Every structure is written in structure tokens, then in C-alpha cells.
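Work out the full structure, taking the sequences as your base and the hints as a guide.
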Amino acid sequence: MNREQERALLLFAVAIVLIATPVRAVWLQTWWSPFAFWLGMIAVVALIHRTDHAA
Amino acid sequence: MQLNHFILFFLAVTLLGLYILGSEVVERSPRWGRLGRNRFSYALALGVYATTWTLFGSVGFAATEGYDFLAIYFGVTLSCIAIPFLWAPVAELVDRYRLGSIADVFAFRYQSRTLGAAVSLFMVAGLLPYIALQLRAVADGAAILVGEEPSEELGSVYALLLSAFAVTLGVRYADGRAHRPGLIATLAFESLFKLIALLVVGGAVLFAVFGGFRDLNEYLQARPDLVENIVNPVMGDSWIALVFVTFCAAFLLPRQFFVAFVQRPGPRSLKTARWALPLYLFAINLPVPILYWAGRDLAAPGVRPDVYVLVAVQSSPALQTLAFLGAVSAASAMILVSSIALSGMVANYLVPRFGPSPESLLTRWAVFRRSTIVGVVVAGLLIHFTLPRTRSLVDLGLASFVAVTHLLPGLLGALFWRRATRAGVLAGLVVGASSWALLTASPLFGVELDVSRLYALFGFTDPAARGPAIWLSFTAHAFVFMGVSLLTERSPEERNAAEACREPRVTRLLQVPDSAESLQERLTSYVGKRIAIEEIYQAATAADVYWPPRDRPELLRLITELEGRLSERIGPLAARTYVQGGRPVRADALAERLRAFRELDSRYATGSQRNSPAQAARRYLSQLMSELPMGVCTVDDHEEVVIWNAQLERMSGLDEDDICGHPMHDIPDPWWPLFDELAHQPTGSVIEREYDLGDGKIELRAQTATIPGQSEEGRVFVVEDVTALRQLERHVAHKDRLSSIGTLASGVAHEVGNPLTGILMVAKNLATDPGAADAAERLGIIVDEAQRIHGIVQSLLTFSRRDETPVGLQAIPVAGVVRNAAELAKLETDGCRIDLDLSVDAPAMASPDGLTQVLVNLLNNATQACSSGATVYVRTRVENGSVLIDVDDEGPGIPEELSARVFEPFFTTKAHGQGTGLGLSVSRQIVERFGGSLRYEPRQSGGSRFTITLQAYEN
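Chains W and P, in that order, give the protein sequences.
Residue 1 is where the first sequence starts when you use the working numbering, and the numbers rise one by one after that.
Residue 1 is where the second sequence starts when you use the working numbering, and the numbers rise one by one after that.
No lab work stands behind these hints: they were computed from the structure.
Predicted model, so just to flag it, every value in this text is computed and none were measured.
The reader is advised that the hints may include incorrect statements.
[Stated by the list, open to error] Dumping the calculated SDA-like pairs for lysine to any residue here, alpha-carbon to alpha-carbon at most 20 Å:
| hint | chain 1 | residue 1 | chain 2 | residue 2 |
| --- | --- | --- | --- | --- |
| 1 | P | K271 | W | R7 |
| 2 | P | K271 | W | I48 |
| 3 | P | K271 | W | F12 |
| 4 | P | K764 | P | V752 |
| 5 | P | K764 | P | E777 |
| 6 | P | K271 | W | A15 |
| 7 | P | K271 | P | L654 |
| 8 | P | K826 | P | E890 |
| 9 | P | K697 | P | L725 |
| 10 | P | K271 | W | V44 |
| 11 | P | K764 | P | Q787 |
| 12 | P | K826 | P | L756 |
| 13 | P | K271 | P | F40 |
| 14 | P | K826 | P | G816 |
| 15 | P | K271 | P | H179 |
| 16 | P | K271 | W | A46 |
| 17 | P | K697 | P | L809 |
| 18 | P | K697 | P | M651 |
| 19 | P | K697 | P | H731 |
| 20 | P | K271 | P | P668 |
| 21 | P | K271 | W | T51 |
| 22 | P | K271 | P | A88 |
| 23 | P | K271 | P | D666 |
| 24 | P | K697 | P | P668 |
| 25 | P | K271 | P | H665 |
| 26 | P | K271 | W | M1 |
| 27 | P | K826 | P | R875 |
| 28 | P | K697 | P | R730 |
| 29 | P | K271 | W | L9 |
| 30 | P | K271 | W | A43 |
| 31 | P | K271 | W | N2 |
| 32 | P | K764 | P | I782 |
| 33 | P | K529 | P | Y546 |
| 34 | P | K271 | W | L47 |
| 35 | P | K271 | W | G40 |
| 36 | P | K735 | P | S921 |
[Unchecked claim] What the simulated footprint calls covered on chain P by chain W, stretch by stretch (three residues with Cβ under 8 Å from a Cβ of chain W suffice, anywhere in the stretch; the number is not a length):
| hint | segment |
| --- | --- |
| 37 | 74 to 88 |
| 38 | 268 to 280 |
Where a beta carbon is used, it is the ideal one built from N, C-alpha and C, also for glycine.
This is how it looks when you write it as C-alpha cells:
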């Protein structure tokens with residue numbers, strides 16, 4: 001497993017916790033917060049993609 | 001404006017016609033073809049995931065289950081995060097073995113056509129409700145817009161339209177070739193269109209119905225129950241099951257698999273899709289809650305939430321039409337790609353079992369594929385008529401999604417579990433498909449089973465929730481798969497295929513024919529001479545190869561094309577057999593070698609032989625390869641990249657993981673054109689090219705050699721970054737030119753001084769007698785003399801200019817360049833004469849500035865070596881297709897013991913301070929970069945002869 005895959009696996013684990021466990025109540029505060037959480041998650045993936053690419 | 005069926009149908013036909021036209025333009029035009037190879041187009045094309053379910057169904061879903069509808073997209077986002085470790089290995093496998101569908105993956109890994117057939121059958125059964133969903137959504141939408149009740153006749157009309165579209169484009173793209181830019185571009189346009197349609201409709205509703213964001217907030221603050229109703233379901237039981245199901249669907253749905261892996265335009269595309277696909281889905285879902293709240297307030301009682309999108313803009317026929325066209329667009333794309341993907345599975349695995357032989361499939365494949373595409377769409381239409389109208393779009397869509405989750409265990413087994421067996425996968429699939437049929441599919445047709453006691457047994461208290469049916473059937477499948485796999489043995493073929501799936505980068509199961517004749521013979525033995533010739537001819541045309549292929553790269557290109565075309569029609573196993581002979585997949589030498597290698601590794605790793613010479617040598621070679629200061633790329637006999645070392649990663653910015661295991665022609669520019677050019681040249685060939693890689697220009701020197709093997713032959717490409725070296729050379733050459741100018745300085749002063757004196761004298765005379773009768777004649781003398789000075793100055797300027805394009809060769813007239821150089825050299829001849837014999841004036845490949853510099857150097861050396869009154873001879877001639885220039889002098893010559901060193905830098909026989917010792921060294925470098933040579937030999941009659949040999953220009 002290369003570095004990019006390790007990072008992706010770590011991010012995947014974090015995302016699972018945030019999406020599929022009771023922790024999801026955190027981003028369910030308002031009608032727009034799920035969208036904000038979703039966009040944040042995409043931004044993190046894009047940032048990691050950029051870092052992987054630069055490396 | 002009152003909408004009617006004619007207008008809607010006309011607009012739908014126009015939209016689909018534009019898609020067909022656009023795909024043709026992209027397919028035919030190299031300029032527009034780039035659109036289909038762009039990684040952003042690819043990410044947009046993956047947006048085919050968003051169907052009418054997204055356009056209409058999500059609002060209906062939100063109405064009944066709140067933000068649970070977001071699970072359908074959060075699952076995809078999660079799946080995209082997993083791209084590097086889950087999608088990427090699948091992509092590698094698909095690329096490596098030219099697999100065309102998920103059924104191909106199963107058939108290949110588990111070496112079983114039966115398994116391929118089982119997967120195909122299950123997918124057809126699972127996907128038909130989804131196709132029915134598309135037809136229903138479009139027909140119901142049209143009925144709402146014209147104010148009628150949805151009818152089966154209306155459904156049939158739109159079903160026929162969408163079928164015609166799917167067949168027209170489907171047959172175009174079901175021709176056995178992967179990476180079709182026309183298809184990717186069409187899907188990308190379609191994704192953009194539906195995104196824009198939904199955003200425009202959502203934006204219009206936001207401002208027209210709610211008055212903007214602030215007012216929407218106030219509206220929701222006044223109705224907290226609305227927010228609670230939409231947010232609370234996410235904490236319920238269905239959420240996790242839905243996320244899981246869509247996690248699988250994102251890449252296992254046949255249409256997603258087809259676009260994501262089979263049509264993937266290049267190695268980098270998947271990386272971009274990691275964030276671009278979720279971003280697209282995010283954008284297209286933004287208007288959904290707004291449309292739901294608006295539709296809820298505006299809809300009359302009894303209107304199904306699935307059509308709230310149209311209700312929310314009921315005051316604007318234009319916006320209604322836009323939303324409807326968005327749905328037509330989404331449905332057409334979904335049906336198009338699904339029917340291509342499913343028809344491939346049906347053709348490869350279902351029909352050959354019961355219908356025509358592979359040979360006859362080859363001859364009638366176009367008709368056959370058309371029929372299967374039509375068959376798939378018609379079957380969807382029948383389901384559409386059969387299903388009760390009470391079922392929501394979400395119910396229909398989810399049934400298909402749940403079906404594809406049952407592909408996950410077998411796929412994970414293929415990628416990561418060598419112990420998985422075909423019996424295990426088959427048993428798991430049977431259990432999974434049966435439980436899916438009972439728990440998920442049968443309720444769609446009104447057959448409700450009482451499973452509450454079964455659910456209660458496993459602790460599920462709410463039988464109406466979506467989770468229990470999904471978890472129970474999947475868990476049962478997974479347990480049976482693992483249990484049976486552990487209890488059964490793998491066949492030798494399965495073992496080899498398992499190795500190939502785990503290490504697709506290094507394992508090769510292919511035995512490539514070594515000549516065009518053996519390829520034709522092999523294919524003939526299976527399908528007969530006439531069909532074999534036809535197939536090879538078509539593949540050769542598509543691959544742009546003349547028969548017979550002139551070298552191995554061309555043969556490999558033809559084989560790849562031929563196998564791809566056959567694979568699409570008769571499946572990868574049969575295609576491989578036809579092209580490579582023997583059993584479909586057999587014990588392969590390389591797979592065996594790999595296994596032996598691994599066993600050796602593990603033995604060494606356990607201790608006793610850790611430091612054996614073989615292991616040390618391997619480690620040394622591996623380290624050497626990675627630390628070599630030059631780029632190394634090796635490709636195997638199938639033109640797929642095996643090694644892409646660290647230096648090449650640094651030079652190119654391309655990751656080893658993105659390149660290794662992929663076909664050579666997938667390497668992005670400029671690397672693929674560079675290697676392709678080299679691959680067509682003999683071993684030892686060297687080429688130099690300059691490229692702009694974005695961060696600046698880079699000069700590369702590349703050479704190649706073949707790697708001979710017993711049964712296969714590869715190639716190695718070695719690439720050096722010579723940018724700094726060439727800059728240094730240019731700097732040295734410039735210094736040398738300046739040095740030569742210094743040498744010429746006294747001659748220049750003399751040459752300029754003479755005409756200047758003349759000008760001065762004539763001008764003085766004119767000043768004292770401006771009205772002289774011969775004033776015009778005297779002015780003419782001034783002009784002539786001034787022009788002479790101007791010529792000398794121009795020659796010097798040209799000579800001293802820094803040459804920035806050293807490798808830019810051109811055909812130049814040799815005699816003209818020699819004449820110019822001689823003019824310059826005559827500025828400082830020390831009383832020598834330069835005799836030119838330029839009767840042969842053949843064009844040669846060189847740069848004029850570089851050749852002038854070399855000649856001036858040689859002539860200066862010659863004149864300095866001669867005594868006063870001696871002659872320097874310059875002669876041009878043609879010999880063996882080369883142009884030669886001899887520079888002979890009548891000097892004392894070079895002592896024999898020193899003659900070997902004349903081209904060494906800083907070596908000089910001149911007195912201290914009279915020469916840098918760089919002239920001949922630089923001159924030889926320049927000539928060698930022209931592809932020529934510079935050599936010295938003593939003259940028979942005394943003196944020296946320097947001969948420049950240049951490549952003659954061949955028109």
C-alpha cells in the first residue's frame with residue numbers, strides 16, 4: 001500500500017465515523033449544516049488530492 | 001404558452017438529436033476529441049449516476065424520508081474517498097486484461113463462464129426496475145405538464161424515443177473499443193445540462209416562491225417542524241444501510257462500472273473524480289430541499305411528491321419544460337449507458353450459452369448488439385407496465401441498488417482474497433439473489449411476505465425500515481461466500497487468475513504471437529480464414545497499422561486492438577483464446593515465476609538466508625534502479641509499463657502508481673510520443689527533444705534498447721534531463737564565439753578602417769565643393785563603402801549571437817554558409833589566401849549559425865597555422881549520402897603524438913594567450929548535435945585536413 005492509499009484509508013475511516021455513527025448528530029444542527037459538512041468533506045479530499053499530486 | 005405533447009416531444013427529440021450530433025463531432029474531430037479525453041469531462045460523465053431519481057425522485061424521497069435522500073450521495077462521496085485503494089485496483093485490472101464489465105471481472109478472476117452468466121442474469125434482473133423508473137418518470141412528467149393523467153400509451157411513446165436514442169448511440173459505442181471520447185463528451189454535456197436545469201429551476205423557486213435566502217430562513221424559522229422532519233430521519237435505521245448501498249452502487253452499477261473503468265480516458269482521471277464527482281452531486285442536490293418545501297406548499301392534495309419539481313414551477317411553462325428536459329436528458333443517458341453495459345454482459349455470457357456460436361456472433365455482431373440493446377430497453381418497458389403505480393421512484397431505484405451490493409463480496413475476493421473460490425462466489429450470489437428477490441423485488445410487484453418474525457429474530461424492530469432487508473441479505477451472502485470458499489479448493493486456473501488479479505502490474509497471463517503470420521494462423525484456426533482476415537483488417541484500420549506490421553510495436557498495437565474488438569463481442573476469455581491460443585487462461589510462466597519469487601522472498605525474510613547473494617543482488621538492483629540519476633521506463637512485450645523509476649517520476653511529475661501497469665499509449669504527453677518515436681527506431685537510437693512542461697522548458701535526451709527474453713520481448717527507455725548541460729554548452733559556445741571575435745578584432749579594424757578612410761576623404765571633398773559635377777558619383781562611393789562596413793558589422797553580430805535553438809535542424813545550402821564563413825575568416829588571414837571549391841552545393845541538415853561558427857573556427861586555425869602567402873583550401877563534396885566539407889591548410893600539421901588530443905577541451909598548440917583550446921572541442925560538439933562528425937587527418941602533401949560530415953537533406 002503506497003502513501004496515497006494509506007492517506008485515503010485514514011480519511012475513509014474518519015469519514016465512516018462522521019457519517020455512519022451517532023457522531024453524525026454533530027452536523028445535523030440546522031437545515032443547511034449537512035450541506036456544509038458535505039462541502040467540507042469534499043474540500044478536504046480535494047486538498048489531499050492536491051498534496052498527493054504535489055508530492 | 002400552453003404546453004402540449006407535440007412541443008414536449010419535439011423538444012425532447014431536438015435535445016437527444018443534439019447529443020447524437022455532438023458525439024459525432026467529438027468522435028470525428030481531433031480538436032473536439034480532446035473534450036472526451038479530459039479528466040473533468042470524465043468526472044462529469046460519472047454524473048450519469050444522477051438520473052431522473054435525482055431530478056424528480058430526490059424531492060419525493062425528501063418528502064417522505066427527509067435528508068435520508070442525501071445518503072444516496074454521501075455513499076458515493078465515501079466511495080470516491082476509497083478510490084485509491086478500491087477503485088484504482090479495479091481500474092488496473094480492467095485496463096490490464098481489457099475487461100468490459102463486472103461480469104468479465106468475475107468470469108476472469110474465478111475462471112468461470114457460469115459465474116459470468118450468473119452475474120449478468122442478476123444484473124439484468126436487478127437493473128430492469130431502474131430502467132423502468134426512468135421511463136416512468138419521463139412519461140409521468142410529460143403527463144403532468146400537459147395536465148393529463150399518466151397513461152401507458154404516453155409511456156410507450158417516450159420509451160420508444162429513449163430506446164431509439166439508446167440504440168442509435170449504443171450501437172455506435174458498442175464496437176469493442178474502450179476510451180471513446182464521443183461517449184464521454186456526450187455524458188459530460190448531459191450531466192452539465194441536467195445540473196444547469198435543476199440549478200435554474202431551484203434558483204427560480206428560491207427567489208420566486210420564497211423571496212431569497214433570508215426569506216427562506218425566516219420561513220423555516222416560523223416552521224421548525226419542517227426542519228425537524230427533514231433532519232431527524234438521518235438519525236434513523238435506514239441511513240447507514242442507504243449509505244452502504246450507494247457506496248457499492250457508485251462503482252458497481254453496470255453503467256458506473258462502464259464509465260468509471262472501461263471508458264476511463266487516462267490514469268489521472270480517477271484522481272480528479274475523487275473530489276469532482278462528489279462536488280457535482282453536491283451542486284445538483286442543493287435545490288432539492290427548496291423544491292420540496294415549495295412543492296409541498298403549492299401542490300394540490302393527492303399529487304405525488306415525485307413530481308414536486310414540476311409543481312414548484314407550475315406558474316412558468318418554460319421552467320417546467322427545462323426541468324422536464326433535464327429529466328429526459330438524465331433518463332436517456334442512464335438508459336444509453338446501462339443498455340450498452342448490460343447488452344455486453346448478455347452478449348458475452350447469456351446468449352452464447354443458448355444461442356449462436358461465437359463464430360457466428362463475430363459475423364453478425366452489429367445486428368446482435370442492436371437486438372440486445374433494444375431487448376434490454378423493451379424489457380424495462382415491460383417492467384414499467386407491470387409495476388403498480390403506487391411504487392415511488394425511490395422504491396424502484398433502491399431495488400436495483402440493493403442488487404448490486406451483492407457484487408461486493410465477489411469483487412473484494414477478486415482483489416484482496418486469494419482464497420476466494422468460484423463455488424463460494426456462486427453460492428453467495430445464489431443466496432444474495434434469492435434474498436433480494438424475496439425481500440426487495442417481490443414487494444415491488446405487490447407480493448408482500450410477512451418477514452417481521454425473521455427480522456425480530458435478528459433484532460430489527462421496524463420491518464418497514466430499509467435497513468433489515470439490506471443487511472440480512474448481504475450478511476447471508478457474505479457468510480455463505482466465505483464459508484463455501486474456505487470449504488472448497490481452487491483450481492490451478494483460479495490460482496493463476498488470483499495472482500493476476502492481485503499483481504496485475506507484474507503478472508502476465510498473455511502469450512503474444514510473435515509475428516503477423518502466427519497471429520493470422522491462430523485466429524484462422526478458430527474462426528476460419530475469411531472472418532480472420534476481415535477481423536484483422538478492421539483492427540488494423542482502427543489501429544492505423546498497415547498489414548503486415550512493420551515492427552513489433554505495430555504488431556502489439558494491432559493485437560491490442562484486435563483483442564479489444566473481439567472481447568467486446570465474445571467476452572475476454574474467448575477473445576484471449578482466439579488471439580493468444582491455448583486454453584482461455586493457463587498456467588503461465590510469469591505467474592509461476594512470480595509465485596516462486598514471492599516464496600523465495602518469504603523464505604529469506606524468515607531468517608536463515610536473509611543475506612544470501614541472490615537477495616542482496618536483488619536489493620542492490622532495486623536500489624540502483626530507484627536511485628539512478630536518469631529516468632528509466634521499461635515496457636513489456638504487450639507495451640505496458642513495468643518500471644517507471646524515481647528519477648522519471650521527478651522529471652515527469654507522474655506517479656509510478658499511475659503509470660505502471662497501464663498501456664504505454666496512456667502515458668500523458670510528451671512522454672508517450674517520445675517513447676513511441678523511439679520504439680520505432682533500432683536499439684541504441686538516441687533522440688533529443690525540447691518540451692515545455694509548464695514549469696519551463698526541458699531538454700531531454702532519450703535512448704532505447706530492446707530487452708530480449710525467451711518468449712517475450714520488452715523495451716527499456718532511458719531519459720536524461722540535459723537542460724543544464726545544453727545551457728552550459730551554449731554558454732561555452734558563446735564564449736568561444738566571443739573569443740573568435742577577439743581574434744578577428746585587428747582584421748575588423750583594418751577592414752572597417754579602409755572604407756572609413758575612403759568615406760572620410762570623399763565626404764571632405766564634397767564638403768568643400770558641394771556643387772561638383774560628380775557629386776552624385778561621390779555620394780554613391782560613400783554609400784557603397786558604408787554598406788561594406790554595414791555588412792561586416794552584421795556578420796559579426798550574427799556570429800556573436802547566442803544560439804538558443806541548438807537542436808533545431810534545418811536543411812541549409814552548404815555552399816552559402818561556407819562562403820559567409822570565409823568572408824568572416826578573411827578579416828584576419830595573416831596574408832593567407834582562402835581558396836573555395838564549392839562546385840557541389842547539396843543541402844545538409846544543420847543550423848546555419850552553428851555551422852558558420854565551426855567553419856570560422858577551422859578557417860582561423862588554418863590561417864594561423866599557415867605562413868604568409870600560403871593557401872587554405874575549402875572544398876565541398878558528397879559521399880555515401882552525406883555532405884562533406886574539407887578544410888585543408890599548408891601549415892606544418894599536427895605532430896602525430898598530439899593528433900589524438902586535438903578535440904580535447906583546453907588543448908592547444910598555440911602560444912600562451914593566443915587560444916582558449918575550446919574551439920575544436922566546441923566545434924565537434926556542435927557538429928555531433930547535427931547528427932554529423934568532425935575528424936582530423938594529416939594531408940599527404942603536408943598540413944592538416946579537418947572534415948565536417950553532415951547528413952544530406954532528403955526531400
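Going through the hints against the structure:
1. K271(P) with R7(W): Roughly 13 Å separates the two Cα atoms, so the pair holds.
2. K271(P) with I48(W): With Cα atoms ~11 Å apart, K271(P) and I48(W) stay inside 20 Å; holds.
3. K271(P) with F12(W): It holds: about 15 Å lies between the C-alpha atoms, which stays within 20 Å.
4. K764(P) with V752(P): 18 Å, holds
5. K764(P) with E777(P): 14 Å, holds
6. K271(P) with A15(W): 18 Å, holds
7. K271(P) with L654(P): 12 Å, holds
8. K826(P) with E890(P): 16 Å, holds
9. K697(P) with L725(P): Holds, because 13 Å separates the two Cα atoms, which is no more than 20 Å.
10. K271(P) with V44(W): 14 Å, holds
11. K764(P) with Q787(P): Judged against 20 Å, a Cα distance of about 19 Å means the pair holds.
12. K826(P) with L756(P): With Cα atoms ~18 Å apart, K826(P) and L756(P) stay inside 20 Å; holds.
13. K271(P) with F40(P): Answer holds: K271(P) to F40(P) is near 10 Å, not above 20 Å.
14. K826(P) with G816(P): Since the Cα atoms of K826(P) and G816(P) sit roughly 15 Å apart, the hinted pair holds (cutoff 20 Å).
15. K271(P) with H179(P): 17 Å, holds
16. K271(P) with A46(W): 9 Å, holds
17. K697(P) with L809(P): This hinted pair holds, its Cα atoms lying about 18 Å apart.
18. K697(P) with M651(P): 12 Å, holds
19. K697(P) with H731(P): Since the Cα atoms of K697(P) and H731(P) sit roughly 17 Å apart, the hinted pair holds (cutoff 20 Å).
20. K271(P) with P668(P): 14 Å, holds
21. K271(P) with T51(W): 12 Å, holds
22. K271(P) with A88(P): At roughly 9 Å apart (the allowed maximum being 20 Å), A88(P) and K271(P) satisfy the hint.
23. K271(P) with D666(P): Status holds; Cα separation ~15 Å.
24. K697(P) with P668(P): With a Cα-Cα distance of about 17 Å, the restraint between K697(P) and P668(P) holds, given a limit of 20 Å.
25. K271(P) with H665(P): 19 Å, holds
26. K271(P) with M1(W): 16 Å, holds
27. K826(P) with R875(P): 16 Å, holds
28. K697(P) with R730(P): 15 Å, holds
29. K271(P) with L9(W): Holds, at roughly 15 Å.
30. K271(P) with A43(W): 14 Å, holds
31. K271(P) with N2(W): 15 Å, holds
32. K764(P) with I782(P): Measuring from Cα to Cα gives roughly 11 Å; hence the hint holds.
33. K529(P) with Y546(P): 19 Å, holds
34. K271(P) with L47(W): 12 Å, holds
35. K271(P) with G40(W): 18 Å, holds
36. K735(P) with S921(P): 13 Å, holds
37. 74 to 88: holds (count 10)
38. 268 to 280: holds (count 6)
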